[in-house]
Amino acid sequence: MAPTLLTGNVAAAWGARLARVDYVPAFPITPQTEIIETLGAWVDSGDMPGRMVTLESEHSMLTAAGAAAATGVRVFSATSSQGLLHAMEMIYTVAGWRAPFVLVNVSRGLASPITLEADHNDVLAARDSGFLQIHCADCQEVVDGVLLAYRLAEDPAVRLPVMVNLDGFYLSFTREPVNLPDPAEVAQFLQPFDPGAIRFAASAPESQAVAVLGGSPYSYFRYETHLAAQNAVSVYGDIAGEFRERFGRERGAVEAYQTEDAEVVFFMMGSFATKAREAVDRLREAGQRVGLLRPRLLRPYPADIIAGALEGVSGVAVIDQNLSVGQGGVLHTELSAALYGREGAPAVLTSFIGGLGGREISPEEFYQMAAVTRQAVETGVTPPPRLLYTETELREIRKLQSVALVERDETSPRGGAGKPPGEEDKQ
Amino acid sequence: MASRVLGTALFRSGFTVQDAPKYGAERRGAPIFSTVRAARGASEGETINERGIIHRPDLVVVADDTLLAIPAAGTLQGIDPDTVVLVNSRESADTWRHRLNLQGELLILPAGSEVEDRADLPHIGATCAGAAACLLGVIEPEALTTAIDEELGPLGEEAVAENRENASAAFEAMIAHRGIVTEGAAVPAKDYEPPAWVELPVDDASIAAPDIRAAANSVQVRTGLWRTLRPVIDYDLCGKCWWVCSTFCPDSAIAVEGDKPVIDYDHCKGCMVCVGICPPHAIGSIPEYLAQQREQQTIEEGEADGTDPADR
Chain B
1 MAPTLLTGNV AAAWGARLAR VDYVPAFPIT PQTEIIETLG AWVDSGDMPG
51 RMVTLESEHS MLTAAGAAAA TGVRVFSATS SQGLLHAMEM IYTVAGWRAP
101 FVLVNVSRGL ASPITLEADH NDVLAARDSG FLQIHCADCQ EVVDGVLLAY
151 RLAEDPAVRL PVMVNLDGFY LSFTREPVNL PDPAEVAQFL QPFDPGAIRF
201 AASAPESQAV AVLGGSPYSY FRYETHLAAQ NAVSVYGDIA GEFRERFGRE
251 RGAVEAYQTE DAEVVFFMMG SFATKAREAV DRLREAGQRV GLLRPRLLRP
301 YPADIIAGAL EGVSGVAVID QNLSVGQGGV LHTELSAALY GREGAPAVLT
351 SFIGGLGGRE ISPEEFYQMA AVTRQAVETG VTPPPRLLYT ETELREIRKL
401 QSVALVERDE TSPRGGAGKP PGEEDKQ
Chain S
428 MASRVLGTAL FRSGFTVQDA PKYGAERRGA PIFSTVRAAR GASEGETINE
478 RGIIHRPDLV VVADDTLLAI PAAGTLQGID PDTVVLVNSR ESADTWRHRL
528 NLQGELLILP AGSEVEDRAD LPHIGATCAG AAACLLGVIE PEALTTAIDE
578 ELGPLGEEAV AENRENASAA FEAMIAHRGI VTEGAAVPAK DYEPPAWVEL
628 PVDDASIAAP DIRAAANSVQ VRTGLWRTLR PVIDYDLCGK CWWVCSTFCP
678 DSAIAVEGDK PVIDYDHCKG CMVCVGICPP HAIGSIPEYL AQQREQQTIE
728 EGEADGTDPA DR
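Protein chains in written order, with my numbering: chain B, 1 to 427; chain S, 428 to 739.
A few of these clues could be false.
Stated by the list, open to error - Covered stretches of chain B, as calculated for chain S (at least 3 residues, CB under 8 Å):
{"hint": "1", "stretch": "104-116"}
{"hint": "2", "stretch": "123-135"}
{"hint": "3", "stretch": "179-190"}
{"hint": "4", "stretch": "381-392"}
{"hint": "5", "stretch": "397-405"}
The set of hints was computed from the structure by calculation and includes no laboratory data. Please read these numbers as outputs of a predicted model, since none were measured by experiment. Virtual Cβ for every residue (Gly too), placed ideally from N, Cα, C.
Using the sequences plus the hints, can you model the full thing?
Here's what the structure looks like:
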């Protein structure tokens, strides 16, 4: 099929349509709404069979999704940011049911303050839940990712819900050429859901519930979920191999771009990684051996594959579009844990926090991160973690603060409590 | 819309394309912008790796010239002497070049003098896309109209025809400058200007928390405008229990004045909780539009017979 221009949101909707989903519980939130609008229009026009129901909250939406999946039908849903957090109780709960379905998350930074733009603290809040996570870097990966996610979720050796993540704005509203897979080919790749032991018939209604358990049985069930998730690394590898055979696109657990002979490698995930790919091309033109390693699969964490791809690399610039407050970047922490004690692991892992709330990362910043990392390799001294933030940005914040403080002084009944930054020192 | 039309026109002309809008909190009057990137070699599977804002644009189209004076809009961010700036304006190119102290090319897309309110600006998206298509020089008029058909088809034939007309007129208006936009190069990784990164200081929470405080103003916000149903108290049936409806009103929009409940329609959102809760069923509901029609009628009748509606 000829490529067509699609936003990441419409690509996600196409993923659901091509997967022939039976049920879509929905609740809108910026920047995800276009997904359910698109599905709603298709269901309404009859282009897509299946049922779509708008729920009164994300909490109910996730409950409905898990409950429907527990009856053995194929379920799709989508949310973002605060919506994902609102559903968090059920995120853990339905993962524990081992009911497979696909939830698309359109990444958007979390309050407070409020932003509409992308960072990964929302999806990372669900990191430990039992949901598996596939992270997309472009709109083609979104439609492919949804199809891969169903295969992974429904695999008898896995049986876990899967989240497919795309970045708000940078993918959700960004149109790019997308090759929509042929529906007949998809039907071959993704067979009807065989629910196995999950069975439900309206003619023979039964209840399903979970029990309150003590530590020992609780440990068993929790750890079984963990083992199933770990299984998913090799299962995913097989599925991605089959996908490549059938559709010709590489969708492995990690994207390794120009890492073969690389001295320095950028390590990051999501759509900003394509900016890093561009920087790698420019740095290579300038004669520098730089590459990019990007996990598509974050849960389960493909530690061995990552470590293998980084063998022989001297320094890794880890770029975290997230912030674990009081700790730092999540990817940096996890990569350190994965590499510690491994022979041939890179000696230097530098840590950069960038792209919070969709803040841009410029080409020069990528070049500089590579330079800082190379210098750390040469000197053996790793610099402390750095927030990508410029003098100009801080000046702008100071300006906004001075305006806000004047307004507070003028309008607050209690008067202003704060002083402009730096004033305290001038006494 | 402009970016989708231009993006599709480029796509239909054999380019790999990426287009995207960007905006902050949705509110009337907020600046929005969109970007279009195009690369040759679509048939060879060329992909566009850059995304987000364009750091060094080859062409900037400003649909609303009032944005040029707003720093936060950042309309001229990243331009260099090779950038072409196209402004939809009633002012002259010389005026803007002087005001903005621009070295590069600045062109004017004449703004219609009949348009008073910019919010009513018709077809500005298609108009800008048409002008931009001409300046790029790689889009034939047919590709432009095809793109408008594709992007605006769902809006109906009339809208498509009007937008085609405006886009074509803008394309023609720029014909003397066709192909004036040149392709900029990528930022080289050699001899680049390093970013001026800064160490964030630890600020006091009084300024480092994003809390906004202002004098209490919720009374001034007329949330009653949201109402689609209006609760109406029938005082003949009201049991004057005086607390049930006012206690249960989630917006505190029912006050007890004297011995009877009074609904504050400036702030009642029409949730109908009072209608359901009233013990003697004394509160009914009517559609808001009907209520407003009746009010209007009463005022007009009053004007006709010379009485002041406030006296009734």
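message: Run through the hints listed earlier and report the numbers of any the structure violates, in increasing order.
response: Per hint list: 2, 3 violated.
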